[in-house]
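*Asks:* Spelled out, the chains give:
Protein chains: 2
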Amino acid sequence: MEIKVLRNILEANEAIARENARLFKDKGVFVINVMSSPGAGKTSFILRTLERLKDDFKVAVIEGDIASKVDAEKIQEQGAPAVQINTGGACHLDANMIKNALNLLNLDDIDLLIIENVGNLVCPAEFNLGEDLKLMILSTPEGDDKPLKYPQMFTLCSVLVLNKIDLLNQTNFNLRKVRESAAKLNANLQIFEVSCTTGRGIDNWVTWLKNKLLLGWICRKRK
Amino acid sequence: MEIKVLRNILEANEAIARENARLFKDKGVFVINVMSSPGAGKTSFILRTLERLKDDFKVAVIEGDIASKVDAEKIQEQGAPAVQINTGGACHLDANMIKNALNLLNLDDIDLLIIENVGNLVCPAEFNLGEDLKLMILSTPEGDDKPLKYPQMFTLCSVLVLNKIDLLNQTNFNLRKVRESAAKLNANLQIFEVSCTTGRGIDNWVTWLKNKLLLGWICRKRK
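Residue numbers (this note's numbering), protein chains in the order written: chain P, 97 to 319; chain E, 97 to 319.
Each hint should be verified, as a subset may be incorrect.
Pairs count within a copy or across copies, as identical chains cannot be separated in the list.
Unchecked claim - Each computed DSSO-like pair below joins lysine-lysine, with the alpha-carbon atoms no more than 30 Å apart:
id, residue 1, residue 2
1, K273, K195
2, K308, K280
3, K121, K195
4, K121, K165
5, K195, K100
6, K280, K195
7, K308, K100
8, K273, K170
Don't read these hints as lab results, they were simulated from the structure.
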């Protein structure tokens with residue numbers, strides 16, 4: 097019974113995610129779903145990314161949280177349009193929440209939409225939102241055993257951002273160990289080491305992302 | 097439909113949680129449910145607690161994780177009995193998982209049972225396990241906005257452990273702000289500031305816990 101209901105929920109979610117994906121493609125919007133534990137640095141990472149992209153690209157953000165709107169306010173202070181979704185009790189965003197939030201954004205005026213999911217290494221992985229890219233952040237103080245404990249998130253994401261590299265020496269986080277265990281789960285995982293506090297490594301990530309966005313533009317122009 | 101099923105699941109969980117609680121009471125076992133984000137330091141905190149209690153109390157641990165048994169192995173190295181529950185995909189422990197795990201422990205030979213829940217600030221809060229005490233850990237690198245974003249966890253726990261106090265100066269974590277916002281949600285919250293790396297603050301916590309355990313013993317002797 098429970099399993100059947102869960103399957104129905106996931107199937108219904110998939111259908112809406114496909115609709116969202118179609119709409120994003122029509123409008124030429126590249127969409128990133130950012131996931132991590134609470135406090136791994138999703139908002140700081142998005143702010144750093146915005147800072148570097150805002151002169152060249154039109155970026156909007158959807159903020160997902162169980163409660164509060166502190167994150168959307170931080171994004172708006174940077175001058176980007178931001179919509180806050182409060183999930184009530186739900187521990188993840190789903191495709192329908194995104195579909196509703198899109199009513200508050202003008203997709204014709206957006207190149208890149210960044211969705212910050214609820215802080216949770218488990219449930220968000222299961223719910224597609226229609227995004228082009230699933231990105232997860234793991235921060236060094238969380239420990240290097242996370243690929244073993246939360247394998248699904250590492251398997252489903254195509255980008256892993258290792259954040260809080262500036263705290264590496266204050267922790268026993270072993271970069272090589274994480275890279276190895278993550279690669280075992282997902283050989284195609286693209287890994288970036290960054291510090292959103294010092295800014296270290298952000299350039300590499302932004303350069304990679306810009307290439308993706310420009311490639312998308314060229315493809316659309318050829319249509 | 098979904099809501100009804102969720103309610104049924106929670107009600108079934110409550111019934112088993114009450115059974116577990118009755119059994120714990122009969123056997124004189126005090127039970128703590130330890131919850132936090134991934135990587136906030138649950139296992140390190142339990143190891144520090146074990147270290148200080150093991151000469152005076154008989155402690156066992158149930159380790160909950162989606163996958164892997166690394167945590168149970170760390171506990172066993174400390175000489176305490178440990179049972180590992182792997183939830184498969186589930187993002188929280190439930191009362192029935194605990195009930196099954198109890199078959200692997202001799203409750204007559206245990207004073208304190210510590211349950212380490214799956215790393216998640218959301219779902220574990222909703223599932224009672226039959227415990228005496230819900231404890232949550234928040235670590236300084238996670239940021240001081242967590243009471244705003246995950247209010248239920250702060251409301252339902254009676255102990256909040258602020259961990260990684262040794263990293264306070266490397267973060268912008270504001271202790272006073274967290275204490276205030278947590279107290280607004282839960283005026284009775286008992287707060288401990290600790291570092292599981294340096295050991296700072298662990299004494300305060302262990303003294304408080306010992307008092308609770310001894311008080312329980314005295315009450316049982318009077319029965």
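*Asks:* Decide, hint by hint, whether the structure agrees.
*Replies:* Going down the list of hints, with the structure as the test:
1. Proximity of K273 and K195 under a CA criterion of 30 Å is satisfied in neither setting, with 39 Å inside one chain copy and 35 Å between copies.
2. Only within a single protomer do K308 and K280 lie at most 30 Å apart by alpha-carbon distance; the minimum there is 25 Å, versus 45 Å between protomers.
3. In this assembly of identical chains, K121 and K195 lie within 30 Å of each other by CA distance solely inside one copy; the values are 14 Å within and 49 Å between copies.
4. For the homomeric pair K121 and K165, the shortest alpha-carbon distance inside one copy (28 Å) is at most 30 Å, but the shortest distance between copies (42 Å) is not.
5. For the identical chains of this complex, K195 and K100 are neighbours both inside a copy (24 Å) and across copies (24 Å), given an alpha-carbon limit of 30 Å.
6. Taking identical chains as interchangeable, the C-alpha atoms of K280 and K195 are never at most 30 Å apart, the minima being 34 Å within one chain and 34 Å between chains.
7. In this assembly of identical chains, the alpha carbons of K308 and K100 never lie at most 30 Å apart, being 38 Å within a copy and 44 Å across copies at closest.
8. Taking the shortest Cα distances, K273 and K170 sit within 30 Å of each other only across copies (18 Å), while inside one copy they are farther apart (34 Å).
In this structure, the hints that do not hold are numbers 1, 6 and 7, in rising order.
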